[in-house]
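Put together the whole structure using the sequences plus the hints.
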Amino acid sequence: MSAATFTHVAFTNNNPIWRKPNSIKSSTTTTTTNCKYSTTSFVTRATSSSNPETDNEKKNKRKKKKVVIDNKEQKVQETVEEKEREQVQELQSSSVSVIKRLDDVNPVGLGRRSRQVFDEVWRKFSGLGQISRTIRSDDESTLLIREGGPMCEFAIPGAQNTTVLVVGATSRVGRIVVRKLILRGYTVKALVRKAEPEVVDMLPRSVELVTGDVGDPSSLKNAVQGCNKIIYCATARSSITGDLIRVDHQGVYNLTKALQDYNNKLAQQRAGKSSKSKLLIAKFKSEDSLNGWEVRQGTYFQDVVVSKYDGGMDAKFEFTESGEAVFSGYVFTRGGYVDLSRKLSLPLGYTLDRYEGLVFSVGGNGRSYVVILEAGPSADTTQSKLYFSRISTKAGFCRVRVPFSSFRPVKPDDPPLDPFLVHTLTIRFEPRRQRPIEGPTGTNQDLRSFQLIMEYIKALPTGQETDFVLVSCTGSGIEPTRREQVLRAKRAGEDSLRRSGLGYTIIRPGPLMEEPGGQRALIFDQGNRISQGISCADVADICVKALHDSTARNKSFDVCYEYVAEPGKELYELVAHLPDKANNYLTPALSVLEKNT
Numbered sequence: 047m048s049a050a051t052f053t054h055v056a057f058t059n060n061n062p063i064w065r066k067p068n069s070i071k072s073s074t075t076t077t078t079t080n081c082k083y084s085t086t087s088f089v090t091r092a093t094s095s096s097n098p099e100t101d102n103e104k105k106n107k108r109k110k111k112k113v114v115i116d117n118k119e120q121k122v123q124e125t126v127e128e129k130e131r132e133q134v135q136e137l138q139s140s141s142v143s144v145i146k147r148l149d150d151v152n153p154v155g156l157g158r159r160s161r162q163v164f165d166e167v168w169r170k171f172s173g174l175g176q177i178s179r180t181i182r183s184d185d186e187s188t189l190l191i192r193e194g195g196p197m198c199e200f201a202i203p204g205a206q207n208t209t210v211l212v213v214g215a216t217s218r219v220g221r222i223v224v225r226k227l228i229l230r231g232y233t234v235k236a237l238v239r240k241a242e243p244e245v246v247d248m249l250p251r252s253v254e255l256v257t258g259d260v261g262d263p264s265s266l267k268n269a270v271q272g273c274n275k276i277i278y279c280a281t282a283r284s285s286i287t288g289d290l291i292r293v294d295h296q297g298v299y300n301l302t303k304a305l306q307d308y309n310n311k312l313a314q315q316r317a318g319k320s321s322k323s324k325l326l327i328a329k330f331k332s333e334d335s336l337n338g339w340e341v342r343q344g345t346y347f348q349d350v351v352v353s354k355y356d357g358g359m360d361a362k363f364e365f366t367e368s369g370e371a372v373f374s375g376y377v378f379t380r381g382g383y384v385d386l387s388r389k390l391s392l393p394l395g396y397t398l399d400r401y402e403g404l405v406f407s408v409g410g411n412g413r414s415y416v417v418i419l420e421a422g423p424s425a426d427t428t429q430s431k432l433y434f435s436r437i438s439t440k441a442g443f444c445r446v447r448v449p450f451s452s453f454r455p456v457k458p459d460d461p462p463l464d465p466f467l468v469h470t471l472t473i474r475f476e477p478r479r480q481r482p483i484e485g486p487t488g489t490n491q492d493l494r495s496f497q498l499i500m501e502y503i504k505a506l507p508t509g510q511e512t513d514f515v516l517v518s519c520t521g522s523g524i525e526p527t528r529r530e531q532v533l534r535a536k537r538a539g540e541d542s543l544r545r546s547g548l549g550y551t552i553i554r555p556g557p558l559m560e561e562p563g564g565q566r567a568l569i570f571d572q573g574n575r576i577s578q579g580i581s582c583a584d585v586a587d588i589c590v591k592a593l594h595d596s597t598a599r600n601k602s603f604d605v606c607y608e609y610v611a612e613p614g615k616e617l618y619e620l621v622a623h624l625p626d627k628a629n630n631y632l633t634p635a636l637s638v639l640e641k642n643t
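With our numbering, letter number 332 in the sequence shown gets 378, and the count goes up by one each step, no holes.
Honestly, I wouldn't trust all of these hints.
Claimed, not checked - Cβ-Cβ distance ranges computed for the label pairs, FRET-style: (1) Gly344 with Gln271: 46 to 56 Å; (2) Asp360 with Glu254: 50 to 60 Å; (3) Val245 with Gly338: 32 to 42 Å; (4) Val245 with Asn310: 23 to 33 Å; (5) Thr366 with Val246: 51 to 61 Å; (6) Glu166 with Arg283: 57 to 67 Å; (7) Asp541 with Pro423: 29 to 39 Å; (8) Pro423 with Pro634: 33 to 43 Å; (9) Gly338 with Asn310: 42 to 52 Å; (10) Ser577 with Pro634: 17 to 27 Å; (11) Leu533 with Val245: 38 to 48 Å.
What the hints assert, rightly or not - Derived lysine-lysine pairs resembling DSS-like cross-links, with alpha carbons at most 27 Å apart: (12) Lys303 with Lys267; (13) Lys641 with Lys440; (14) Lys457 with Lys389; (15) Lys431 with Lys389; (16) Lys362 with Lys267; (17) Lys240 with Lys267; (18) Lys362 with Lys389; (19) Lys329 with Lys303; (20) Lys641 with Lys591; (21) Lys504 with Lys641; (22) Lys641 with Lys324; (23) Lys457 with Lys303; (24) Lys311 with Lys324; (25) Lys303 with Lys591; (26) Lys303 with Lys504; (27) Lys303 with Lys240; (28) Lys329 with Lys311; (29) Lys303 with Lys389; (30) Lys226 with Lys457; (31) Lys440 with Lys324.
Honestly, the hints are just simulated from the structure, not real lab data.
Note that the structure is a prediction, hence the values are computed from the model and not measured.
From the three backbone atoms N, C-alpha and C, an ideal C-beta is built for every residue, glycine too.
In structure tokens, the structure reads:
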């Protein structure tokens, strides 16, 4: 029997110490005396069995053990082979699937599947605008844009109750405007000339398409139904005079008139209680409406010698047989003038301090006039102060806006105009500073005679927001010889918008560029001094922000990218940093600009 081995464990101070095993021969007992602490170790003894087995039995046992070991090794080997077969099958199946996938990579089929996936994603995304405008309070989808939803950081208060008509929705700026409006929860209507498939594919499905032409006033009545605001991004496709007048001039006029008619209709249904309703000061529809108006004559200085030989002056205010109230006459006296004046009689509880200006609907031969307001205590007119503002009319009928901010005191030492104290209105004609009107008969006009047809005079309410946003861009690639013609049509459209009585915002961007928005600083200016470009995305962002910004109401401004000014010509100051979600850059930028420009 071979020697047995064991592990010796000696405990010294209760700490185990593992030592190297010793080789022990067969013996009964052994006492370890070499140990420092005389620890006795017990050794197992290898003894023979009391029933010794024969050599044959031992051989049989060894054979059985060997067979058992061989069987175990065989099973392990079979298990390993089975796992290898499974791995090979998996690799084969994956390679087959890869081959099938490669077979399926057909450009046409792949394009169709990707387009289907994109259409489904866009359908869900474009539906966010419709969901956010629902009036159901129990609709869980409204949480997408309301507080706590993933789109709430883009939502604008009041957007869900605002419908915006976008004209020129397929233009470079218009397409971005439409998507920004939808993202912020607005109801969007797009005016298109023809609802062709390529036009429909350019706009989101949540946009309501309205067929019409800005040159056809009858087709615009349906377009403005239900609309609160208009963003006009359309521009003429060519520099032909007919296209310029139809789109840039007459188109703006037709849309402003259609929106005004719609607002007036709503105001009549609400018995004039709309916040956008104007205050009627005078309406000349009968001969009785002329009562209270007084015609007066006067001169700035006396020239006794000249007055003996001049033709004098004469004026009258009468209601003609054609049903028009006409203020007409002539002034040949040097330094003379004629006035049409009336003491105001406003409805009970109304004062002009709640309004921002006056609007005149007049016609005539295109003369200029001076509007004079007399303000002060109505009981003591001797303490009244005079304020004036000059207006120009056109040949034919037009509307003229006269904001209270444009009135200047006759005496420089007087305080600014307080509309609350206004009690008398005067319209004055004077021959000086008269200019011939444009036309073939301009050289033969007698600038000392005048004719003013009066339709009505109203007070404009102090609106908080703009009603009409006009993007007045000349475009790029215009020939220098045609540029002045394009600018003339643009100015005519802007002028018709200012005279409409609507709250307006006129944006004149620099040359449009295809760049991401919000990456560079912007310059806001008045005076046609900019020449730098600006991205379409930035212009679209300004249009959307101007809808609910009170500082943008009744303002015209130029905008472009920041540029380095020449030394000594730094005319700008930093009023806001680059736009972000927490910074409204438009309010501080426009607050320093003049209104009614």
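Verification of the supplied hints:
1. Gly344 with Gln271: 46 to 56 Å: For glutamine 271 against glycine 344, whose Cβ atoms are near 50 Å apart, the range 46 to 56 Å holds.
2. Asp360 with Glu254: 50 to 60 Å: holds (58 Å)
3. Val245 with Gly338: 32 to 42 Å: violated (55 Å)
4. Val245 with Asn310: 23 to 33 Å: Distance hint for valine 245, asparagine 310 holds at roughly 32 Å.
5. Thr366 with Val246: 51 to 61 Å: holds (53 Å)
6. Glu166 with Arg283: 57 to 67 Å: violated (35 Å)
7. Asp541 with Pro423: 29 to 39 Å: holds (38 Å)
8. Pro423 with Pro634: 33 to 43 Å: holds (39 Å)
9. Gly338 with Asn310: 42 to 52 Å: violated (25 Å)
10. Ser577 with Pro634: 17 to 27 Å: Hint holds: Cβ distance 24 Å, inside 17 to 27 Å.
11. Leu533 with Val245: 38 to 48 Å: The hint (38 to 48 Å, Cβ to Cβ) is violated, given that leucine 533 and valine 245 are roughly 29 Å apart.
12. Lys303 with Lys267: Holds - the C-alpha atoms of lysine 267 and lysine 303 are around 10 Å apart, at most 27 Å.
13. Lys641 with Lys440: holds (22 Å)
14. Lys457 with Lys389: With a Cα-Cα distance of about 21 Å, the restraint between lysine 457 and lysine 389 holds, given a limit of 27 Å.
15. Lys431 with Lys389: holds (14 Å)
16. Lys362 with Lys267: violated (40 Å)
17. Lys240 with Lys267: holds (17 Å)
18. Lys362 with Lys389: holds (18 Å)
19. Lys329 with Lys303: Holds, at roughly 19 Å.
20. Lys641 with Lys591: Holds, at about 17 Å.
21. Lys504 with Lys641: The given pair, whose Cα atoms are some 19 Å apart, holds under the 27 Å limit.
22. Lys641 with Lys324: Roughly 19 Å between the alpha carbons, so the hint for lysine 641 and lysine 324 holds.
23. Lys457 with Lys303: Violated, at about 39 Å.
24. Lys311 with Lys324: holds (13 Å)
25. Lys303 with Lys591: Distance ~24 Å between lysine 303 and lysine 591 Cα, so the pair holds.
26. Lys303 with Lys504: Between lysine 303 and lysine 504 the Cα gap is close to 16 Å, so the pair holds against 27 Å.
27. Lys303 with Lys240: Given that 27 Å is the threshold and the Cα spacing comes to 22 Å, the pair holds.
28. Lys329 with Lys311: Measuring from Cα to Cα gives roughly 18 Å; hence the hint holds.
29. Lys303 with Lys389: Violated - the C-alpha atoms of lysine 389 and lysine 303 are around 31 Å apart, more than 27 Å.
30. Lys226 with Lys457: violated (50 Å)
31. Lys440 with Lys324: holds (23 Å)
When the structure is compared with the earlier hints, violations turn up for hints 3, 6, 9, 11, 16, 23, 29 and 30 and for no others.
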